[in-house]
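**Student:** The chain contents come next:
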Amino acid sequence: MNQIKENMPQNLGVEFAEYLSRKLNKKFECQEIRRIFGGASRETYRVRLIEKNKRDSVNVIYRRSQKNSLIETKQETEYLAYSLFQGTGVPVPKLISFEGSSQSLGAPFLVMEELEGEAASPFDSDVYKPFEEEIGKQFWTILGKIASLEVPKNRLTKSFKNPSNDTTWKNELDYWVGVIRNDSLGIEPILEAAIRWLYRCPPKQAEKICLVHGDYRNGNFLVKKNKITGILDWEMAHLGDPLEDLAWALSPIWCWELLSRPAYLISREKGLAIWKKESGLRIDETSLNWWELFACVKGLAIWISAGNEFISSRNTDPVNLFSAWIPGDIHKEVILDKMEALIYL
Amino acid sequence: MKPDINQSLMILAQELIQRFSPLLHEEYEQSRLNSLAALIILGSINLDKEIANLSDHNKLIEKWLSKSLVQIHDSELKEELVKVLSSGEDSITHAALDSRNQLLKKNLVRVQAYFEDIKEKDSLIESWEILRKIHNDSKINHLLPMLKE
Chain A
4 MNQIKENMPQ NLGVEFAEYL SRKLNKKFEC QEIRRIFGGA SRETYRVRLI EKNKRDSVNV
64 IYRRSQKNSL IETKQETEYL AYSLFQGTGV PVPKLISFEG SSQSLGAPFL VMEELEGEAA
124 SPFDSDVYKP FEEEIGKQFW TILGKIASLE VPKNRLTKSF KNPSNDTTWK NELDYWVGVI
184 RNDSLGIEPI LEAAIRWLYR CPPKQAEKIC LVHGDYRNGN FLVKKNKITG ILDWEMAHLG
244 DPLEDLAWAL SPIWCWELLS RPAYLISREK GLAIWKKESG LRIDETSLNW WELFACVKGL
304 AIWISAGNEF ISSRNTDPVN LFSAWIPGDI HKEVILDKME ALIYL
Chain B
383 MKPDINQSLM ILAQELIQRF SPLLHEEYEQ SRLNSLAALI ILGSINLDKE IANLSDHNKL
443 IEKWLSKSLV QIHDSELKEE LVKVLSSGED SITHAALDSR NQLLKKNLVR VQAYFEDIKE
503 KDSLIESWEI LRKIHNDSKI NHLLPMLKE
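In order, the protein sequence lines correspond to chains A and B. Going letter by letter, the first sequence gives residues 4 to 348 in my numbering. Going letter by letter, the second sequence gives residues 383 to 531 in my numbering.
Everything hinted at is true.
Reference listing, derived: stretches of chain B covered by chain A, where coverage requires no fewer than 3 residues with Cβ under 8 Å from a Cβ of chain A:
| hint | region |
| --- | --- |
| 1 | 404 to 415 |
| 2 | 485 to 493 |
| 3 | 511 to 523 |
Derived BS3-like pairs (lysine-lysine); straight-line CA-CA distance at most 27 Å:
| hint | chain 1 | residue 1 | chain 2 | residue 2 |
| --- | --- | --- | --- | --- |
| 4 | A | LYS279 | A | LYS207 |
| 5 | B | LYS501 | A | LYS173 |
| 6 | A | LYS341 | B | LYS488 |
| 7 | A | LYS211 | A | LYS280 |
| 8 | B | LYS488 | A | LYS173 |
| 9 | A | LYS77 | A | LYS26 |
| 10 | A | LYS228 | A | LYS132 |
| 11 | B | LYS501 | A | LYS341 |
| 12 | B | LYS445 | A | LYS341 |
| 13 | A | LYS341 | B | LYS449 |
| 14 | A | LYS280 | A | LYS148 |
| 15 | A | LYS132 | A | LYS227 |
| 16 | A | LYS341 | B | LYS441 |
Calculated directly from the structure, the hints in this document are not laboratory data. Yeah, the Cβ is synthetic: ideal placement off N, Cα and C, and Gly gets one too.
With the rest of the complex left out, here is chain B (with noise of 0.2 Å):
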């Protein structure tokens, strides 16, 4: 089996703050390497479950969606709904989950913006669960600490 690819990340990330960064003698360079690292190492911790998350995360607003149909008295939109959620992506690959993910955001935004008008606010509600639910799982600000170390 080969090496984890976060776990190389991190380590090839460690090198260059501990190896790399003390040869050079600009303090700008150095500061802007060591900030390179850092980001390595952000973005290895999340490599691991974001394809996870935007599974998930697809299948929650497709599911609000579906659920908002009986409240859309707007037959466009109504229309339009039914057509993505009839769309399904079978491919698990990140960017077809991706692609999928920004397709379904734009309708739930499309949906909030109605629920807006007419003040259909348990459903409104239920949208914000989910957006709560999607930024929880994604979030990296709590890393923060461990960038100024």
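Chain A on its own, in the form it takes in the complex (with noise of 0.2 Å):
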């Protein structure tokens, strides 16, 4: 059992609410803490609060840090992109505490305020049905705004590994290998082939380097019918190249079944157009192409990751099996596709 297990309150519901209290300087209470499903990269809970004589309750989300986690992030990260974003054109849930340290309740924790809206499967593609055209604008608007925006370099370059133009697909590259090579449970040409020729065939140095999201897709984000009501999940954030986060959005994995539609929301011709316009950037399209090779590459590192998780018993949540198996082979698909491309040129 790891540390951060052991360290779990027995009555992590009353402990929160004891905790937030100290805080906020108020008196709550917890009515109910819920685990949300999906996600293996923190615990997320669901917590209802309630303050002493008030009459409404309040609904906050609680992400602990878990030691064996799918992908292995500082929970520092995501605070310090969610602070980015606060008040700016890219919906994020408000912060309302961060402890960077296990002291209190045993791990790292995010404590936001919950946004309204639903996070959906990315392996639905009608779950957006009949929203599409609204909810893709504003998906690669968001993309569009999250790549302009100028990033404060006193306050991230502490956190934040800060690469120059020319190198930022080199330190990605061999951070995801590195992993592969730590995590791999055998050897698989189709991969071996393509980190390849991503090292042969570099793209063009990045027009800037922003914050770049991680993992900005389909099922990272609340809707409420028809509105993007949060981006979530910044804990893969980093500096980096925009074209990144473009490509690992565009990715085929995300729209498996009806791949003219990236995110299962408008067309790729479409989205680009509106993340162009928005950003201010140009695309190259050599570029975006070794980028989306990258994205499934990288992909391939985080299913490769996930699976050495679950047969080493260090973490059984299924959705590290899933991962293993179904994005797995569905990435080392896109990578075939992509390299017969190449082969038959």
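Build the complex: two chains, separate frames, hints provided.
**Tutor:** Written out as structure tokens, the structure is:
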């Protein structure tokens, strides 16, 4: 059993309410605490609290680090990314509290206000119907806004690595290849060929260095009818090339049953036009192709890592096995398609 | 004759979903149990053809590596390949076939990288045909709609 799990309070809801009461100088009681299914990098809970002598309850989201997560990331990364977009055109939940150490409640955590809306499965092709056009426009507009934001370097460079425009691709590729080398349970020729190609044919240097969300896709935003109410899951945020997020969001894995509509929203052409207008950036097709193949390699690295967590019994959450089997298989097929296209050129 | 493993696993998974999942009050635990059961079904579907696939794939890679020897002018690589190809495995257990498969794939990767360096396009195309066949035989992503149900 890992350290963080051992440190989990017996009565998490009560202790959480006590913590927040101290923090905000109020008197809360926990009415309900429920873990939300999905996502393997954090344990996420919806907590319903009621303040003493008040009638209405308030819902907050409590995101707690777990030691053996699908993606090993620092909670501070997520906190800094959320902080950066508070009060901007990029909808994110309001931050209530952040604890970077395990002293309170046994593990680092974030507390945020709960936003309206639901997060959908990225594998459900019908989930945004009949609002695909409206949500699609918002999806690519918001990504353009993220790319256009000038990052206040003094604040973020303390925690984030600050890559140069011409090395960001290599930093990212080295990192994810490292994950593959550490966690792979066997050799996969399709993946190895893609890695060789990526090192051999690098993209052009990044037009700018921006904050990259790192996992911008359907399923990682909240939607209420025809409106995106919040962009979530910033734990893989880092400084890098804006094309990285673009390529990840376009990846066929997120529209596997309807490839003509990335993220099951609007067409690729429409999405890219919106992103270009909003970000004010150019799209170099060759570089975008590089980042799209990179997205598959990064994806496979994540799914390989998940499979390793599961088979080693460090984290037997079924989401890890599912990730290793189905998304891993999809990304392998996408790489295969791309590599065949390159070899038959 | 004993009940077939694949079919038994499917029935057990259905039992988990239909009988035990509704008994759980926590939505999180219920979702987790349903996912587990769905994965057992998925695993049982693939179990049946796994050994035959591994055996076929090993033969395919061995054939390609043997054929490639003519195009390889790196004596060290050639020597190692000959050694691998002459060390065939008679056992048809899953573990033995899988271990052989890993060894062959490792060498396929080495030879592909070599052919990329010397731009031996025809052999590379043949290797990608093999990788496509291997993927098609073992793929499971077409079962995604089933998992959503």
